[in-house]
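> With these hints in hand, go ahead and build the complete structure from the sequences.
Here are the chains, one letter per residue:
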Amino acid sequence: MQRLRSQPRPNWQKTVESQGLSYHTPDGNTYWDESAYYQFGSAEIDAIEKATYALNDMCLAAVQRVIDENLFPRFSIPPQVAQYIARSWDRDELTIYGRFDLAFDGHRPPKLLEYNADTPTSLLEAAVIQWHWMKDLFSRADQFNSIHERLIEAWGIAAKTMPGPMYFTSLSGHMEDYMTVTYLRDTAIQGGLRTEYIPVERIGWNWERNMFVDEQEQHIANCFKLYPWEWLLIEPFGPQLLLDNTRWLEAPWKMLLSNKAILTVLYEMFPQSPYLLPASMEPLPAGDFVRKPMLGREGANVQTVVNGNVTLETEGDYGGPFVYQKLQPLPNFDGNYPVIGSWLVNGNACGIGIREDVSPVTQNLSRFVPHMFG
Amino acid sequence: MIRASRAITLVLIGTAAAAAPVFLATALHPSSDDIEDGGGDFGPGSSYGPTTRSSYGSHSSGSHYHHYWFWGNHSGSGYSYRSGSGSSGSSFSHGGTSRGGFGHTGHSSGS
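Those sequence lines, one after another, are chains A and B.
If you're matching positions, the first sequence starts at 1 in the numbering used here and goes up one per residue.
If you're matching positions, the second sequence starts at 1001 in the numbering used here and goes up one per residue.
Keep in mind the hints are simulated off the structure, nothing from the lab.
Keep in mind that the hints are not guaranteed to be accurate.
Just a few of them, taken from the derived set where beta-carbon distance is under 7 Å, the chain B residues facing chain A [as the list claims (entries may be wrong)]: (1) 1008; (2) 1011; (3) 1012; (4) 1101; (5) 1109.
From the three backbone atoms N, C-alpha and C, an ideal C-beta is built for every residue, glycine too.
As structure tokens, then:
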């Protein structure tokens, strides 16, 4: 694993915009960064792939345990929502995608930092933009990347089991969110689905028909939401979700995996796994650790504790409950700290995207840097 | 994982890019009617009915503390909204269609 410098393509902004990446330089800050790239060896890619499959297997076992042993209070999930989750799990409801964030230095096994199982973004960059970058500059190289094909395949399965149009929804006014769902719609269309877009604020509830409806009063029977479960459930339409007459993607059971309390369940179940770090709902008794909000996002309100002292604390609006995880130092490439986002689509490990920062905590403005191998 | 010969086809992205000005105007700058039309579906004094289309609260910011208070302290004791009251002091009226029941965070949703 190496970080190498590269000359950005002439007029790269126009190029990536034509491929849908309109948010490459938000507020003047570089997000898509092709002034560098990461080069891997095949064995390193194999190690990431193997870890991703193993982590998925462990996560599915952990969901089963949470349901069987009623561990929902640890996740601050009340009984009504627990029943909703359990029904979704028992129906084996479909999942499209998720992204494991891994610490990996190319030598030791990748370590799971967190699982973005509900609303992962940086998808278009990983699936499309970095692929075109590589073909433009290193046409004979390869990339760990079949995300696009796997998405089309996953939607093809959805088309068979979820009849009618698939709605896609996200919060108005957020370009990255909109382009992420637009890209997912693109792959869904190619997978054989009829699709519609509706801003999440425009979803209606029809009191007489007891169902979610679009702006033409059509029943929203199936909906992909780029809007977290924990927000949906606390908002005014939350109770209507529990009536359970819309099939949502990601499925309700994924809210267990996107909650950082899952890290504690995983470690309890698989303490010998080379891919897991010690994690607890209480501060770790020994060693350095990271404190993360249970439902935090984009590295907000993360605190690192070294030798009993707080050495780093990021800003944000998130409070507790918190999860405490052993501190895993990220590799440092000339002052840049990369995190590997390993994509899982329909159960297939199918590609990576790399975010890096000058801070050891990856946040919402951390740069996306392409990769290649071979 | 090797996809040296793969060709990525996009059927929608190109269309969206071509229509960028329209798309941007719609997605990033909802009409003022969308944001506030007398309080919205769930605000105090709001009206309910099939034609009310409001995004009450969706463009405000910073509701996380409330959000965690709700999840953290109410777990196991039942959600208050279960009885028909919303998390922001809203109330539901039956009949017709209500909108604006989602989208109250005002934050980007990705992770």
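> Regarding the hint that residue 1109 of chain B lies at the interface with chain A, is the smallest CB-CB distance below 7 Å?
holds (5 Å)
> If you take the shortest Cβ to Cβ gap from residue 1012 of chain B to chain A, is it below 7 Å?
With Cβ-Cβ at 4 Å, under 7 Å, it holds.
> Taking 7 Å as the limit, does the beta-carbon of residue 1101 of chain B come near enough to a beta-carbon in chain A?
Constraint on residue 1101 of chain B satisfied, holds at 3 Å.
> Per the CB criterion, is residue 1008 of chain B less than 7 Å away from chain A?
holds (5 Å)
> Please check whether residue 1011 of chain B passes as an interface residue: C-beta within 7 Å of a C-beta belonging to chain A.
Nearest chain A Cβ about 6 Å off; hint holds.
Of the numbered hints given earlier, the model fails none.
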